[in-house]
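Visitor: Listed below, chain by chain, are the residues.
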Amino acid sequence: MNTIVSVKNLSKNFNEIKAVNDLSFSVEKGQVYGFLGQNGAGKSTTIRMLLTLIKPTSGQIEIFGMDLNKHRKEILRQIGAIIEKPDMYKYLTALENLRIFAAMSGVKVSEKKLLDQLEMVGLAERAHSKVKTYSQGMKQRLGIATALVHDPQLVILDEPTNGLDPQGIADVRNLILMLSRQMNKTMIISSHLLSEIELIAESMIIIDKGKKIVEGKVRELFDPAETIIELKTFDDALMYEKLQQSDLKIFVQGKRNDCILLKLHRDQIPAVIKKLVGLEVPILSFHSKHSLENYFLSLTTGQQHVEAFTN
Amino acid sequence: MWKLLQIELFKIFKRPRTYIAFGAIAAIVFLIQIALKFDGKSYIDLLMSNLSGSFEFNDVFKDKLLNGYLICFVILNTLLIQMPLLVALIAGDAIAGEANMGTLRLSMTKPVSRTKYMLVKFIASVIYTLALLILMALLALFGSMLIFGTNDMVVLRSEGIEQIKRFDVLWRYFAAFGFAAVALTTVSALAFLLSVFAENSIGPIIATMSIVIVFTILSEMNIPIYDETIKPYLFTSHMVAWKGFFYVKANAEGTTINGSIENLPAVLRSLSILVIYIFVFFGSAVWVFRKKDILT
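First to last, the sequence lines map onto chains Y and B.
Heads up: the first sequence at position 294 corresponds to 294 in the working numbering, and the numbers run straight through without jumps.
In short: position in the second sequence from 1, add 1000, done, that's the working numbering.
Simulated from the structure, these hints should not be mistaken for lab results.
Honestly, I wouldn't trust all of these hints.
No farther apart than 16 angstroms at their CA atoms in a straight line, the calculated lysine to aspartate or glutamate pairs in the EDC-like style are these [said to hold, decoys possible]:
hint : chain 1 : residue 1 : chain 2 : residue 2
1    : Y       : Lys130    : Y       : Asp87
2    : Y       : Lys232    : Y       : Glu280
3    : Y       : Lys212    : Y       : Asp87
4    : Y       : Lys18     : B       : Asp1293
5    : Y       : Lys55     : Y       : Asp22
6    : Y       : Lys275    : Y       : Glu241
7    : Y       : Lys132    : Y       : Asp87
8    : B       : Lys1011   : Y       : Asp22
9    : Y       : Lys55     : B       : Asp1293
Please read all numbers here as calculations on a predicted model, not as lab measurements.
Construct all of the structure, not just a fragment, from the sequences and the given hints.
Guide: As structure tokens, this is what we get:
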């Protein structure tokens, strides 16, 4: 069995609002699967349906080849999850929280295993501290430990880097990569941080207004070699005029209030910089905008955001 | 199931707020006992003021009246009005508190059926209620018996006073506490039901108390149209039926019959109505929760 999650024609209506609209996708065994969409796109609603927190209006969900509706308990026994933020019992210690959720998962876990789990997420020294004394990053790591305490096959993390500082984001990312590569977990990661998804996911789906926009392998969905450059100069109007008159004109995609947009391949960057310097307009910054982000925006928002990319 | 119940009890009794109720009960009982110890005769005078036209009570009789059994009766009368609030503090928090903390969504991703989850939560609330009552029984009954001693118990009724022999009292208290447990479980079930609809515990606690207060007022109102239509079906009309255990049958000479209850069918009917309320409230809570989308 290679397909771990199979979602077919899933819909969820909240009164008049279609939060999820005829959504279908599948996740293969061992994959890190990115779930992308803007706020309100329907990511969390979909994830909550996968975890039986929300009942679908229509559609079918199969996990591990079983109907979620009919085999809820067997399926949930093999899933670990964090939804939005990892809220725990703040008046209990990390170890007590972990023990409670391990027991609720139906597994008997020894004290040593619980401490190992906390060690894995770097919280062993604070195992006996109450959760109310934890920082957001520590709570997030405890949440991940809680999701993994019963050794699930499928791990679902909804916005796992929300509210974390850069170091926290890096820690969570490394943890996800470790789980995927060393422990061969199948993972569904929802995020609006596209750069994060690009770094960790092999496949992804982008949804907007509850509908699937695109699904596929990350590397096939955008060309990493092609990038959008945001060029800021001392005088953008003058630079834009000079660009139009030069052989760099072919790279120019447009002009915004605060920058000029160029589109080029990475291997063209050094030569283009050299020529730009030659135009003798002081350059303030030359910033490569993520192409996945452009791709995402081009799919989920209006043309005004990505005029440059859509040419 | 047992493991889940252990978890729930662990969570309840690890919370500092749980002990507020225990502290409150101990404090109220202690204050009443102190007050009656030092000024009990004034209380007896007040109690007997309606009867003083036809009876004369001397100090010896008053001292006999002021014994542990009567004190416990006074405390029960007072505390069983406050206890719904203490019970609602925990039962109203059962689901809403989890929703508010964000732990409900994590719990519901675990392989536990929603019905079982609700059942365990409710049983834990009931155990908490029983623990409160046991503490109250220890302090109010046995504490008062220690401080004030025991004697025949006198119960004031609209038609006069009634004397219960000292050896015939204790079992009545056990029965009364048992009845009170059912009455408070009804309040607990109501708070539990309201808890399912809310995302913080303040709402269900206030709503429970509001319902109890409004229903109690309706139960106390002597309006003929209510007497046969609404009052018999309000749970608050039956919550004080524990007093029935202290109303004793009398023989032709007017002497009370030991071990008797004047109107046992009425007490049992009240008990049945409360049990029906518990099933309706809890059943509705489970029904709503099973269908509920967890959005918190």
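Visitor: So, for every hint listed, does it hold in this structure?
Guide: So, going through the hints one by one against the coordinates:
no.: 1; hint: Lys130(Y) x Asp87(Y); result: holds, 13 angstroms
no.: 2; hint: Lys232(Y) x Glu280(Y); result: holds, 13 angstroms
no.: 3; hint: Lys212(Y) x Asp87(Y); result: violated, 29 angstroms
no.: 4; hint: Lys18(Y) x Asp1293(B); result: holds, 15 angstroms
no.: 5; hint: Lys55(Y) x Asp22(Y); result: holds, 14 angstroms
no.: 6; hint: Lys275(Y) x Glu241(Y); result: holds, 14 angstroms
no.: 7; hint: Lys132(Y) x Asp87(Y); result: holds, 10 angstroms
no.: 8; hint: Lys1011(B) x Asp22(Y); result: violated, 41 angstroms
no.: 9; hint: Lys55(Y) x Asp1293(B); result: holds, 6 angstroms
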